[in-house]
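Heads up: the sequence lines are chains V and C, in that order. Take the first sequence: its position 44, counted from the start at 1, is 44 in my numbering, and no numbers get skipped. Take the second sequence: its position 158, counted from the start at 1, is 158 in my numbering, and no numbers get skipped.
One should not assume that every hint holds.
Selected chain V positions facing chain C (in silico; Cβ < 7 Å) [what the hints assert, rightly or not]:
hint, residue
1, 29
2, 40
3, 165
4, 197
5, 213
6, 214
Just so you know, the hints here were simulated from the structure itself, not pulled from any lab data. None of the values given here were measured: they were computed from a predicted structure. The beta-carbon is built from N, C-alpha and C at its ideal position, and this holds for glycine as well.
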Amino acid sequence: MKQLIRYIVLLASSIALGQVGIGTTSPQKELHIAGTTSTVRIEKLNSVNSATFNDGVKIAPVFVDGNGDLTLDSGFGTGGVEPLNFLLDIPDFIPDDPYNPLGFNGSGTVVNNPIGVSTAEGQIISIPLTIPQAALIEVKYGVTVLIAGTDMQAGPPTAYTVGGETSTIFTYFRIDLNSDGLSAGEMAKKYGQKAQMYSTYPGGTIGYPYMNSQGYLSLPPGNHSIVFYGVVNDSAASFTSVGFGGTKDYLKIRVYN
Amino acid sequence: MKYFYVLLLFTSFVFSQTGVGVGTTNPQQKLHIASPTGSLRVESLNETNNVFNGGDVDGDLDLTNNTFPLYVDDKGDFTLELVPLYNSEDSDALDNTVLPGSSVSLLTTDTDGKAETQITSYTIAINRPTILEVKYNLSFDVYEDSAKTIITERVARRVSTYFKISGLTRRYGPASKCYYSGSVNSVPGSMFNASTCYIILPAAGSYTVSFFGEVSSNTKGSGGPPTGLANVQSTYVEFATGNDSIFFRLH
Numbered sequence: 001m002k003q004l005i006r007y008i009v010l011l012a013s014s015i016a017l018g019q020v021g022i023g024t025t026s027p028q029k030e031l032h033i034a035g036t037t038s039t040v041r042i043e044k045l046n047s048v049n050s051a052t053f054n055d056g057v058k059i060a061p062v063f064v065d066g067n068g069d070l071t072l073d074s075g076f077g078t079g080g081v082e083p084l085n086f087l088l089d090i091p092d093f094i095p096d097d098p099y100n101p102l103g104f105n106g107s108g109t110v111v112n113n114p115i116g117v118s119t120a121e122g123q124i125i126s127i128p129l130t131i132p133q134a135a136l137i138e139v140k141y142g143v144t145v146l147i148a149g150t151d152m153q154a155g156p157p158t159a160y161t162v163g164g165e166t167s168t169i170f171t172y173f174r175i176d177l178n179s180d181g182l183s184a185g186e187m188a189k190k191y192g193q194k195a196q197m198y199s200t201y202p203g204g205t206i207g208y209p210y211m212n213s214q215g216y217l218s219l220p221p222g223n224h225s226i227v228f229y230g231v232v233n234d235s236a237a238s239f240t241s242v243g244f245g246g247t248k249d250y251l252k253i254r255v256y257n
Numbered sequence: 001m002k003y004f005y006v007l008l009l010f011t012s013f014v015f016s017q018t019g020v021g022v023g024t025t026n027p028q029q030k031l032h033i034a035s036p037t038g039s040l041r042v043e044s045l046n047e048t049n050n051v052f053n054g055g056d057v058d059g060d061l062d063l064t065n066n067t068f069p070l071y072v073d074d075k076g077d078f079t080l081e082l083v084p085l086y087n088s089e090d091s092d093a094l095d096n097t098v099l100p101g102s103s104v105s106l107l108t109t110d111t112d113g114k115a116e117t118q119i120t121s122y123t124i125a126i127n128r129p130t131i132l133e134v135k136y137n138l139s140f141d142v143y144e145d146s147a148k149t150i151i152t153e154r155v156a157r158r159v160s161t162y163f164k165i166s167g168l169t170r171r172y173g174p175a176s177k178c179y180y181s182g183s184v185n186s187v188p189g190s191m192f193n194a195s196t197c198y199i200i201l202p203a204a205g206s207y208t209v210s211f212f213g214e215v216s217s218n219t220k221g222s223g224g225p226p227t228g229l230a231n232v233q234s235t236y237v238e239f240a241t242g243n244d245s246i247f248f249r250l251h
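Using the sequences plus the hints, can you model the full thing?
Listed below in structure tokens is the structure:
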């Protein structure tokens, strides 16, 4: 009888009123497993017992079935929609002012590649990015470009690029963790690269071709910034001015899970 | 009193050979939570303890309406961390200095005016039919020959990138650019193709994902080339010259 009482006392330390606590005497749910590192091991789902869906190398998504059982079977069908957390969705994230009619001079939306220079890089724009959790994030963007042979920071273009000379335009982004300025390590990391060429004989087009790209990166939680850059490559003998974001651009970022 | 307590416990908590039941005396699994509303709380996965749990993301002071997909690792342990099959992040996924297939030459004697190279390949083993998600950003530079002579004869080239899957016939994720150069002062690149694709892998097994680059020149049917030019223009394309990105996820 004493042994039975001891057993009951042992149970009562962790079980109360229809709720089970493991590591707590005050369970908040039907089964409450307390402790900052404790978790649940369901051996039915491990790589031995569920080898079809859990191959022992890659993680496997968990769903519940019609009986409420946890399962590794696919979650297709009504109610099988998985949550998406969109962090940023900005339809036109660069001011539409590539050559200054709005007085946006010096915004950094124009990158000039002057005579004597073959590669010029400039910051286009920095956007605040709040990350609620450590996450793999997906960045998708489209940036327009406008190319001219005169300085578009000073005003509307008055000349085309030199006929027949091919230049290339390159966009990408960096991440400024905690928005405290880009460190050397952060400067070294480039994501979402996209580049294309431009060449014309006198005439050409004043249209806005799009640079579309995507990037996938892991970030810690915090108030960061995503900083877009433009690069212009041309002959050192020529002047090329590129206005980024002169018309509708887009930027969409989500937690990718 | 002791017996009452024992009874209270055992109305909702049952050890048996079948398993542990919460809210049921007839558990159908080792742990069977029978309540229609009761859930399972694992504090190591909550906002405070788990860095992958974003908590009140929508800012409405309600932690119950922000959800995060749950995974298990190889031991069957719960985790909130998604690890894709492969993500190059900021590193250079494809390095032209070590990949022997990173360049392709198109010769003036080429019969169809097209040449392709397999840049690299990856092997993926799966235990079930699944969907493979692929994203890539692949760079290239265009020259007249392997000595890296800048093109000056003012004839366009088309450069494509895509990938193939072993056992499947079509090209996936194709992206192309036309390159044109004037007679002086042109740059050869770099250019970047960016593309995305979802592919159904139809059965368990091993698959090879191979990335290709292709170049073509002057393949029209009649009329001949401009005076003094061959029908096919000599071209040398070097792929993977920049900081390239590749991402794979199995669904």
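Unmet hints by their number, sorted upward, for this structure: Hint check: nothing fails, all pass.
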